[in-house]
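Peer 1: Sequence:
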Amino acid sequence: MIKLILKVLTSISLCVFTVTSHANPIRFGVIDFYPPFVFSSKSQPTYGFDIEVAKALCQQLKTECTFTSMPLNQLFSSLAANQIDAIMGAISLTPERKLAYAFTRPYLRSTMDYVTLTNTNLNVDNLQGKRVGVVKDSTFYNYLRNKYEGAIQLVTYGTNQEVVTALSNNEVDIILLDSPAANYWIKYSAGVLKSVGTPTFLPFDEGYAILLKKDNTALTGALNQALNTIIQNGTFAKIKSSYFSN
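Going by the numbering used here, the first residue of the sequence shown is number 75, and it counts up by one from there.
Worth flagging that the hints you see were computed from the coordinates, not collected in a lab.
All the pointers check out, no bait thrown in.
Label-pair restraints from in silico Cβ distances:
1) T272 with A311: 19 to 27 Å
2) G295 with A155: 19 to 27 Å
3) G271 with N220: 15 to 23 Å
4) P180 with K261: 20 to 28 Å
Simulated pairs of lysine-lysine, BS3-like, Cα-Cα distance not exceeding 25 Å:
5) K312 with K261
6) K221 with K172
7) K312 with K136
8) K129 with K312
9) K204 with K268
10) K210 with K268
11) K287 with K129
12) K314 with K261
13) K268 with K221
14) K210 with K288
15) K129 with K288
Where a beta carbon is used, it is the ideal one built from N, C-alpha and C, also for glycine.
Full structure from sequences and hints, please.
Peer 2: The structure is reproduced here in structure tokens:
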């Protein structure tokens with residue numbers, strides 16, 4: 075009986091260990107320059123809201139983390155090739171992605187904003203025929219394509235920065251971004267950009283989460299427990315307040 079009890083206790087302790095710690099460094103793939111979630115440059119280490127959250131998770135799991143920044147469409151192929159373990163950077167949790175990937179619990183609600191030039195009177199209720207800039211293969215691209223079904227001119231780019239630059243150069247009439255990203259670009263546009271309408275929840279989007287391979291249940295579980303901990307102990311709120319005004 076004593077041997078049986080010891081065996082059970084050992085099994086429980088091993089299970090707890092696999093959830094609360096992670097032996098190897100966690101390799102995060104992050105979207106290349108996606109402020110305020112990810113800031114990346116050759117002159118300084120990658121930082122941003124999602125980077126700080128990831129570091130807090132790794133600290134909780136008593137492991138190191140590494141960050142590799144790349145365009146959105148390369149993140150998924152890198153994950154499939156086992157070059158990274160997880161994807162972060164305002165990654166929306168959608169029904170389509172849930173079919174193909176594992177996700178942690180959402181850690182932030184996601185909303186979207188239309189952005190245009192301040193010297194225009196564009197109305198979001200009538201975008202027919204307008205040139206709308208968006209990141210290729212993003213959830214916003216799929217949303218616009220399904221909603222307007224050819225009634226607008228979808229113009230795609232590789233990054234948010236390219237989308238904003240296209241708007242500034244009058245290559246498009248309006249763009250669609252995550253609300254925090256929209257706020258960032260408007261703030262630093264010297265009055266050139268403005269939001270149109272009100273922040274809107276993306277249909278069927280459950281929020282931002284960490285994306286992993288479907289079979290990586292151990293790391294998914296560990297990250298979920300770490301997320302719960304940093305949310306409960308106030309670490310997440312502290313990080314959030316340093317990047318978002320509300």
